[in-house]
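Fit chain Y to the given chain S structure using the hints.
Chains S and Y are the protein sequences, given in the same order. Numbers in the working numbering are just positions in the first sequence, counted from 1, shifted up by 360. Numbers in the working numbering are just positions in the second sequence, counted from 1, shifted up by 2.
Since the hints were derived computationally from the structure, they do not count as laboratory data. C-beta: ideal position from N, C-alpha, C; glycine also. Just to be clear, a hint being listed does not mean it is correct.
[To be verified] Here are some, though not all, of the chain S residues that point toward chain Y, as calculated from beta-carbon distances under 10 Å:
| hint | residue |
| --- | --- |
| 1 | Ile-660 |
| 2 | Thr-757 |
| 3 | Phe-791 |
| 4 | Leu-906 |
| 5 | Phe-926 |
[Unchecked claim] Derived DSS-like pairs (lysine-lysine); straight-line CA-CA distance at most 30 Å:
| hint | chain 1 | residue 1 | chain 2 | residue 2 |
| --- | --- | --- | --- | --- |
| 6 | Y | Lys-23 | S | Lys-438 |
| 7 | S | Lys-438 | Y | Lys-5 |
| 8 | S | Lys-438 | Y | Lys-4 |
| 9 | S | Lys-381 | S | Lys-734 |
| 10 | S | Lys-655 | S | Lys-424 |
| 11 | Y | Lys-98 | S | Lys-939 |
| 12 | Y | Lys-4 | S | Lys-424 |
| 13 | S | Lys-389 | S | Lys-655 |
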Amino acid sequence: MLFHVSLYASLLVFIAGCAYKIYGWFARKVDTSDVEFSASRRFVLALGGMLGTLFSPRVLVLFKVFLLDVILQRRILKEDVLRWVMHMCIYGGFMLLLLMHALGSLVTANLFEEYASTLNPYFFLRDFFGIVVLVGVAIAVYRRFILGVPRLSTGPMDVYALVILALIMLSGVLLEGVKMTSYSAYDRMVQEYADTDDPAELKALEAYWVHTFGIVSPKPMDSVDSDLLEQGRDLHEMSCMACHDAPGWAFSGYLVAKAVRPMALFLDGAGFPDILWYIHFLSCFFGLAYLPFSKMFHIIATPCSLLANAVMDSERSHPANVLTRQVMELDACTRCGTCSLRCSAVPMAEATENRYLLPAEKMAALKDLVSGRKVSDRAREAVMEGVYLCTNCDRCTVVCPSGINLRELWLGVKSRLLETGYSRPFILSPFSYAVSLPGGVSGEGARSRATDRAKEALRHEGGPPGPVSTPLRLGEDRGADALNPVAASSFTYCFGCQACTASCPVVAAYDRPEEALDLLPHQIMCSLALGLVETAAGSRMIWDCLTCYKCQEYCPQLVRIADIFFELKNLAARELEAKAV
Amino acid sequence: MKKYALFLGCNIPARVPQYEKAARAVLDRLGIELVDFRRFKCCGYPIQNVDREAYVLSAAGNLAVAEEAGLDMLVLCKCCYGSLRKARYLIERDEKLRRLVDRSLQGRGLRYSGRYEVKHFLSVLYHDVGLDAVRAGITRRFQDLRIAAQYGCHALRPSEITRFDDPIRPRILDELVEATGAVSVDWPMKLECCGAPLLGVNDQVSLELTRKKAADGKRAGAHYLCTACPYCHQQFDSVGRASDLSDGEGQTLSPILYPQLLGLSMGLGEAAVGLETGPNGGSNLLSFLST
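Next up, chain S with everything else stripped away, as it sits in the complex (with noise of 0.2 Å):
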């Protein structure tokens, strides 16, 4: 009855938990583009597009797909060898038990017409699939816990996910090991099943499980003959064998079995096999129940993505079909943190003290974001400037064990970024340069109008200059110049040749140089010399450097020209950074 109600409970919770998380896929986006669609359109252009596949040759594509990144896993192998032997493990020992032995009725009887869970291969099999998912959980424990595997961050999540499986698991060794050496369990299936109810037939066959099979008699045994055996096998022939083999093949079970035989009676008495058979079978339940709520949920979203990014691309594909995949990826995260561990940008989080540099910590960030969960203002700031500074080398994309494409999200979300008004300092920087290439996503206006935006920003607004909050670096080997060449302070030796101007490429584009930049490069020189240090970082001119270096390269003072530029802009992006704060 418990058994009932659980089961249709949990697949009712089940059903609708996953048909949330998918209408989710449709009905939510992640802001990568301004197109909207309604989520059963999306739906109806999902179908569309599935069908589609199935039924052109991309279809061969999907099935290569399927057999080596959704069966084989071969994402996983390439990263890490035993991280695979793990998933391997708790994937594939959980599949086969689940076909096999929770759905034996279902799957396996159909199949095979002799099935009984008790006889061979499935009385062995069944043991064995366990033990082969509690090493994968064992491995698992190790990588997290002992091994320490960088970048790879251990939330509560993951604790349930490795906490409901070894409960499944162990619950179920313990209880068939229970199951071996319950009296109660004996006398129910001799009462079925016993094809005698001759009281001293019924001895003989119980002296013989006793003997063979374990079972824990409350009986006092006194002579237990081989004519007695003899005749219990007889009856254990006739009556069982056709549903037993030997307890010895559930090696794990039999195991416990015999370890737990001292108290075997009293936990027979005490109700342990029902109580093992409870936390069983509830335990599945809950697991399934809660699967679409929690990491779980990635057997369903992981392969959906691989799958998908298979035979999508972000150019040909319809961008409903783009906005759905999206979200779908972010469910497909297992927060592996494979990406973490090769971006490129480590360094970079390190040093600006900005986890959110790295991929994984934004994935998460952005499911919080697209699921409309509450992220303050800084941290939603932090997890912009950390897509921002993403320098665009794709690993995170080639390496993702889920076949996410995580550079179409970061290109996605930095066009946009730019198109609705960011307009942080670091948009005036290589890191832009990705979004810009042909076939980058964002448009050539709204990209000036952000740069334009931030350089605004960052000019000088003129007025007398006032103190520098932050002192320039500029200034602090002044007295150790000579002989340190590092020293931006170089400037002191410009004598206003203007060779910097005259070799400019940058001047040299503009007609009117000086209303587009401000100031030319030897007036900023000549500004720092005068002391204004806030006119010459806020000037136009040290944002529109190529960093070509001729100015620094011809200067016969041998002015760090270029250098000095930058400086200025680290300042000056400080400075207004400060201010925003």
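What follows is chain Y alone, placed relative to chain S:
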């Protein structure tokens, strides 16, 4: 066999993979062994504008990884090259920066002493392999092929830091180009910037520079512009094509990566050096090869 730590940077694997492919192919022919490091990260170039410390720390991690392996670095990208060279220079001379770097590396079990060099691909060919050995590897020479050599700012300048070539009259790339039988043309804008550093910051100026250079090379009679940097290359390749660099007569100056040029003259096939056929591909180049 000389060994180097190959530094690819961010741009090449993502957008100019043919550069890596061709470079590996020719270096293999010339007996250079390349060692790959998964631990190489960004060279720091993009963050220089806003955070000098983050830049130097990012660069220093790579220098230390190569040092741990006891290898000189072979860098393909000129912006990575310039960035790594400058970081070395700064760490050597700025005591405060040096302490910061030491502390950060210590946390990762690394150290940096500056014992190993950072070299650009072209310098390795020219100095370490040697022009004679490069010439010896050539099996078929280009004839009547005119090439505009694109040096790339961040390798050339600031010369005191990059130590790549004579900043006023560089020769390395010209001589390497001529080793293949091609003619390296004189063109007034040879030392100018390709425009890439401003792409995304000031597209107008960026493309204006690219256009000027392409027109200048064309005027000098070049058939191709020879690059050895992914930024320069893309600027004349995909960026240039998208914004139409034609000189009014519908003619453009397509870029060719130096290792592709060299590879073809070493007898490697188009596929082996990552040249696709097509309007911008190498099919036209092959017609310049003597058989």
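Hints, one by one, checked against the model:
{"no.": "1", "hint": "Ile-660", "verdict": "violated, 30 Å"}
{"no.": "2", "hint": "Thr-757", "verdict": "holds, 9 Å"}
{"no.": "3", "hint": "Phe-791", "verdict": "holds, 5 Å"}
{"no.": "4", "hint": "Leu-906", "verdict": "holds, 5 Å"}
{"no.": "5", "hint": "Phe-926", "verdict": "holds, 6 Å"}
{"no.": "6", "hint": "Y/Lys-23 <-> S/Lys-438", "verdict": "holds, 21 Å"}
{"no.": "7", "hint": "S/Lys-438 <-> Y/Lys-5", "verdict": "holds, 25 Å"}
{"no.": "8", "hint": "S/Lys-438 <-> Y/Lys-4", "verdict": "holds, 29 Å"}
{"no.": "9", "hint": "S/Lys-381 <-> S/Lys-734", "verdict": "holds, 19 Å"}
{"no.": "10", "hint": "S/Lys-655 <-> S/Lys-424", "verdict": "holds, 26 Å"}
{"no.": "11", "hint": "Y/Lys-98 <-> S/Lys-939", "verdict": "holds, 26 Å"}
{"no.": "12", "hint": "Y/Lys-4 <-> S/Lys-424", "verdict": "violated, 41 Å"}
{"no.": "13", "hint": "S/Lys-389 <-> S/Lys-655", "verdict": "holds, 20 Å"}
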